[in-house]
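There are 4 protein chains.
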Amino acid sequence: MSHTPEQVIATLVARDAFSQWLGVEVLDARVGYSRIRMTVRADMVNGFGTSHGGIVFSFADSAFAFATNAAGTLSVAIDASISFPVAVHVGDTLTAIAEQESVTNKLGFCNVTVRNQHDVIVGHFRGTVYRTNRAHFPSDAST
Amino acid sequence: MSHTPEQVIATLVARDAFSQWLGVEVLDARVGYSRIRMTVRADMVNGFGTSHGGIVFSFADSAFAFATNAAGTLSVAIDASISFPVAVHVGDTLTAIAEQESVTNKLGFCNVTVRNQHDVIVGHFRGTVYRTNRAHFPSDAST
Amino acid sequence: MSHTPEQVIATLVARDAFSQWLGVEVLDARVGYSRIRMTVRADMVNGFGTSHGGIVFSFADSAFAFATNAAGTLSVAIDASISFPVAVHVGDTLTAIAEQESVTNKLGFCNVTVRNQHDVIVGHFRGTVYRTNRAHFPSDAST
Amino acid sequence: MSHTPEQVIATLVARDAFSQWLGVEVLDARVGYSRIRMTVRADMVNGFGTSHGGIVFSFADSAFAFATNAAGTLSVAIDASISFPVAVHVGDTLTAIAEQESVTNKLGFCNVTVRNQHDVIVGHFRGTVYRTNRAHFPSDAST
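Residue numbers (my numbering), protein chains in the order written: chain C, 1359 to 1501; chain V, 1359 to 1501; chain A, 1359 to 1501; chain Z, 1359 to 1501.
Any given hint could turn out to be false.
The list makes no distinction among identical chains, and a pair is therefore deemed to hold if it is satisfied within one copy or across any two copies.
Straight line, CA to CA, 20 angstroms or less: simulated SDA-like cross-link-like pairs of lysine to any residue [what the hints assert, rightly or not]:
1. K1464 with V1389
2. K1464 with Y1391
3. K1464 with A1429
4. K1464 with T1431
5. K1464 with R1489
6. K1464 with A1372
7. K1464 with Y1488
8. K1464 with G1390
9. K1464 with I1479
10. K1464 with T1397
11. K1464 with T1490
12. K1464 with V1444
13. K1464 with N1491
14. K1464 with Q1365
15. K1464 with F1406
16. K1464 with L1432
17. K1464 with R1492
18. K1464 with A1445
19. K1464 with A1375
20. K1464 with V1478
21. K1464 with R1373
22. K1464 with G1381
23. K1464 with P1443
No lab work stands behind these hints, which were simulated from the structure alone.
Computed from a predicted structure; not experimentally measured.
Next comes chain C alone, as it looks inside the complex (with noise of 0.2 angstroms):
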């Protein structure tokens, strides 16, 4: 019997240890979308006392694999990108909103854009997902 979207993300995350410590909270997804959400901690700071770039990137990359797993199937990253328009601090609440806008037989094209607390974005990221054929879980493969 196959999995909803639904059950694809909650296993998803429940075995996505490095989305826990960031604390990654899970407000809508389903297949080509995603919605998260977390909160900068004293732990996530780089040598300037700001959030680390690759927080605000995890954080990206958690939603853009939400969006584009959903359906199922393993997709992975070949290439993003990553644009920080302004600076992230700890006790900022950051918001990200994924969209996968196309997909081809293999590949598939996702934006995500970070917001904080007061809608400003503080990240654009983009990224690029290889199709695979392998059912996250077994069983729907065989259905």
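Here the structure of chain C is known, so what remains is to put chains V, A and Z in place on it, guided by the hints.
For chains V, A and Z alone, coordinates are given in the frame of chain C:
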């Protein structure tokens, strides 16, 4: 009195809580160059059981920050991109080499290559910084 | 006397020999936004017989330049990235929409989507500009 | 009978109308590598009177295509990014060196550096290809 690149990097690393969480070890760093190392742990995996893409990005981003900030003035990341040729696994030891390839008055352009313990490239990263006039050590600014 | 965005764009287009070679037609342009059109010709193909990737990039880059320069001061491209979901063919009519999504004192971040005549996305482009203080019309600078 | 990399490149170049318009000259090309040259003309400028960013991108993209297709099977660009450290002017002679740095079963990752006649880097380009099984010469496929 001005600080050496080694002192600047040591201070940046000491303040960089997230690089410490990653377990980043600075092997070599000078103006425009850094070489760092870390080992991937079980709390760094994504929902597929391999290293979260954000870990490889964050590690490369730290190498990038060290290379572009070693001269003692603050350079902040504007844009970065990464490609993931092969998956990274728990237990892998990663080495990143960052090289600033061109510098203008206001901008710096840096290449970072991340390899695993088998010398296989697991991340191709490029980043662009905006070079401010702000000294990491206020006392340096007055010299 | 200051120039309107329409006058700025008209002047930029008139000077832009390569956009003219491409056959770029400006459908709409204002501060932070542009919509342009072109048709792919036989002299724009690569060695595979489809549109050279540089044609789609160049077209998107023109839309990006118009959107980020319409206010009358020079913004120059620092970084740009593009993804190619599907091939473009001779005879295809392309439309690009550029939207500047965030602006800081010194930087602007712009998204450009290129579609063919079937409304299929053929290029996802992002670009970052450095915003100078230099006026496109020296007389504007003195106002 | 199989074709040599030199024969493959010569055929790609002969078919590549846009690279011909650019005036691309192939100095060296083999599997995973190419070095090419061109001179910027007055019909390649943007609205600011310098080389259109699309010219530098297109030139790098041609080097990328030659390096990643020399083995005789079709590799198509998925994603590419470019940074522009300094402006390019009419009359500048550009040289691009493309090096494929990693290859997997389905993907190839290539770095291209573009320099002007003063050996100054004017473009940092990276591109990712999807490696198909399709031969450029159908007769090669049957061997």
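Going down the list of hints, with the structure as the test:
1. In this assembly of identical chains, K1464 and V1389 lie within 20 angstroms of each other by CA distance solely inside one copy; the values are 16 angstroms within and 25 angstroms between copies.
2. When the C-alpha separation of K1464 and Y1391 is checked against a cutoff of 20 angstroms, the pair qualifies only within one copy, where the shortest distance is 18 angstroms, while the shortest distance between copies is 26 angstroms.
3. Within a single copy, K1464 and A1429 get their C-alpha atoms as close as 14 angstroms, which meets the 20 angstroms cut-off; across copies the closest is 22 angstroms, which misses it.
4. With identical chains, the CA atoms of K1464 and T1431 are at most 20 angstroms apart both within one copy (12 angstroms) and between copies (18 angstroms).
5. In this assembly of identical chains, the alpha carbons of K1464 and R1489 lie at most 20 angstroms apart whether taken from the same copy (5 angstroms) or from different copies (12 angstroms).
6. Taking identical chains as interchangeable, the C-alpha atoms of K1464 and A1372 are never at most 20 angstroms apart, the minima being 27 angstroms within one chain and 30 angstroms between chains.
7. Taking identical chains as interchangeable, the C-alpha atoms of K1464 and Y1488 lie at most 20 angstroms apart whether they share a chain (6 angstroms) or sit on different chains (10 angstroms).
8. Taking identical chains as interchangeable, the C-alpha atoms of K1464 and G1390 lie at most 20 angstroms apart only when both belong to the same chain, with a minimum of 15 angstroms there against 23 angstroms between chains.
9. In this homomeric assembly, K1464 and I1479 come within 20 angstroms of each other (Cα to Cα) only across copies, at 16 angstroms, whereas the closest approach inside a single copy is 30 angstroms.
10. Taking identical chains as interchangeable, the C-alpha atoms of K1464 and T1397 are never at most 20 angstroms apart, the minima being 34 angstroms within one chain and 27 angstroms between chains.
11. Taking CA atoms no more than 20 angstroms apart as the test, K1464 paired with T1490 passes in both settings, with 7 angstroms inside one copy and 11 angstroms between copies.
12. Within a single copy, K1464 and V1444 get their C-alpha atoms only as close as 34 angstroms, which misses the 20 angstroms cut-off; across copies the closest is 11 angstroms, which meets it.
13. Proximity of K1464 to N1491 under the C-alpha cut-off of 20 angstroms is found in both arrangements, the shortest distances being 9 angstroms within a copy and 14 angstroms between copies.
14. Neither within a single protomer nor between protomers do K1464 and Q1365 lie at most 20 angstroms apart by alpha-carbon distance, with minima of 23 angstroms and 30 angstroms respectively.
15. Only between protomers do K1464 and F1406 lie at most 20 angstroms apart by alpha-carbon distance; the minimum there is 19 angstroms, versus 40 angstroms within a single protomer.
16. Taking CA atoms no more than 20 angstroms apart as the test, K1464 paired with L1432 passes in both settings, with 11 angstroms inside one copy and 16 angstroms between copies.
17. In the homo-oligomer, the alpha carbons of K1464 and R1492 lie at most 20 angstroms apart both inside one protomer (12 angstroms) and across protomers (16 angstroms), since each shortest distance falls under that limit.
18. Only between protomers do K1464 and A1445 lie at most 20 angstroms apart by alpha-carbon distance; the minimum there is 14 angstroms, versus 35 angstroms within a single protomer.
19. Within a single copy, K1464 and A1375 get their C-alpha atoms no closer than 27 angstroms, and across copies no closer than 29 angstroms, so neither meets the 20 angstroms cut-off.
20. In this assembly of identical chains, the alpha carbons of K1464 and V1478 lie at most 20 angstroms apart only when taken from different copies (16 angstroms versus 34 angstroms within one copy).
21. Proximity of K1464 and R1373 under a CA criterion of 20 angstroms is satisfied in neither setting, with 25 angstroms inside one chain copy and 27 angstroms between copies.
22. For a Cα distance limit of 20 angstroms, the shortest separation of K1464 from G1381 qualifies neither inside one copy, at 31 angstroms, nor across copies, at 32 angstroms.
23. For a Cα distance limit of 20 angstroms, the shortest separation of K1464 from P1443 across copies, 10 angstroms, qualifies, whereas the shortest one inside one copy, 32 angstroms, does not.
Checked against the numbered hints given earlier, this structure breaks hints 6, 10, 14, 19, 21, 22; the rest are met.
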